[in-house]
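J.: Residue numbers (the working numbering), protein chains in the order written: chain A, 1 to 109; chain U, 1 to 109.
No lab work stands behind these hints: they were computed from the structure.
Here a beta-carbon is modelled for each residue, glycine too, at the ideal position from N, C-alpha and C.
Treat the hints with care, as some may be off.
[As the list claims (entries may be wrong)] Under the rule of at most 30 Å between Cα atoms (straight-line distance), these lysine-lysine pairs were calculated in the DSBU-like manner:
| # | chain 1 | residue 1 | chain 2 | residue 2 |
| --- | --- | --- | --- | --- |
| 1 | A | K57 | U | K96 |
| 2 | A | K11 | A | K57 |
| 3 | U | K96 | U | K54 |
| 4 | A | K102 | A | K18 |
| 5 | A | K18 | U | K96 |
| 6 | A | K102 | U | K96 |
[Stated by the list, open to error] Cβ-to-Cβ under 8 Å is the rule here; a few derived chain U residues that face chain A:
| # | residue |
| --- | --- |
| 7 | L13 |
| 8 | Q33 |
| 9 | Y36 |
| 10 | P39 |
| 11 | S45 |
| 12 | V46 |
| 13 | S82 |
| 14 | S92 |
| 15 | K96 |
| 16 | V97 |
| 17 | V98 |
| 18 | F99 |
| 19 | G100 |
[To be verified] Listed next, with one range per pair, are the computed distances between beta-carbon atoms:
| # | chain 1 | residue 1 | chain 2 | residue 2 | range |
| --- | --- | --- | --- | --- | --- |
| 20 | A | D30 | U | S92 | 13 to 23 Å |
| 21 | U | S92 | A | V109 | 21 to 31 Å |
| 22 | U | Q22 | A | R9 | 44 to 54 Å |
| 23 | U | L108 | A | K65 | 42 to 52 Å |
| 24 | U | E67 | A | I77 | 39 to 49 Å |
| 25 | A | A3 | U | G52 | 20 to 30 Å |
| 26 | U | L108 | A | Y95 | 11 to 21 Å |
| 27 | A | G17 | U | P8 | 37 to 47 Å |
| 28 | U | Q22 | A | D38 | 17 to 27 Å |
| 29 | U | T80 | A | S10 | 22 to 32 Å |
| 30 | U | P39 | A | V109 | 18 to 28 Å |
The primary structure of each chain is shown beneath.
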Amino acid sequence: EAAVTQSPRSKVAVTGGKVTLSCHQTNNHDYMYWYRQDTGHGLRLIHYSYVADSTEKGDIPDGYKASRPSQENFSLILELASLSQTAVYFCASGYTEVFFGKGTRLTVV
Amino acid sequence: GQQVQQSPTSLVLQEGENAELQCNFSTSLNSMQWFYQRPGGSLISVFYNPSGTKQSGRLTSTTVIKERRSSLHISSSQITDSGTYLCAMERSNTNKVVFGTGTRLQVLP
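Please build the complete structure, drawing on both the sequences and the hints.
T.: As structure tokens, then:
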């Protein structure tokens with residue numbers, strides 16, 4: 001079974017602050033993804049990556065950056081957190097068949 | 001517009017009844033996957049089903065790629081089946097996995 005680990009599991013951030021969400025996978029997958037989940041919107045793709053040191057924009061990249069320093073690690077960075085970025089964030093890895101982490105609940109106050 | 005349409009949006013069953021969940025895609029796709037999520041929980045892969053029919057216990061998934069649709073059948077529903085079922089597709093000619101907004105299933109005793 002694929003293993004995707006997210007940290008932290010929850011976080012409270014202040015508006016305008018910097019937030020970094022981390023994701024680690026041990027499955028040797030090339031593809032990694034960051035999604036956010038909001039009530040009524042399902043999961044929406046923020047950024048993804050298919051090789052280390054390279055990231056791609058998803059469907060809602062504005063306000064987010066991503067970093068893929070190695071095949072195993074993929075981070076999501078909010079340089080200036082805003083209230084609208086309060087959501088649950090999921091990391092996933094895989095290609096065609098994807099496996100998810102347990103999610104990070106981010107609250108921006 | 002929504003590329004992945006799920007129906008129904010919510011469903012309430014009596015324990016023992018069967019359920020049929022539908023997923024329709026507005027664009028061509030390479031593969032699709034069904035996920036299960038408890039409130040506040042992570043996403044658990046139920047089926048990776050790029051085509052044809054797959055069965056696992058009381059769950060059966062049928063995907064017809066050419067018709068851009070997939071279904072998830074739950075037979076003899078149990079209270080523990082309650083939660084949200086999401087379908088996701090990998091769009092053709094992209095590396096993106098796109099989700100529907102889910103079907104919220106509640107099974108009553």
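J.: Checked against the structure, which of the hints given earlier come out wrong?
T.: Of the numbered hints given earlier, those the structure breaks are 7, 9, 10, 12, 13, 14, 21, 22 and 26, listed in rising order.
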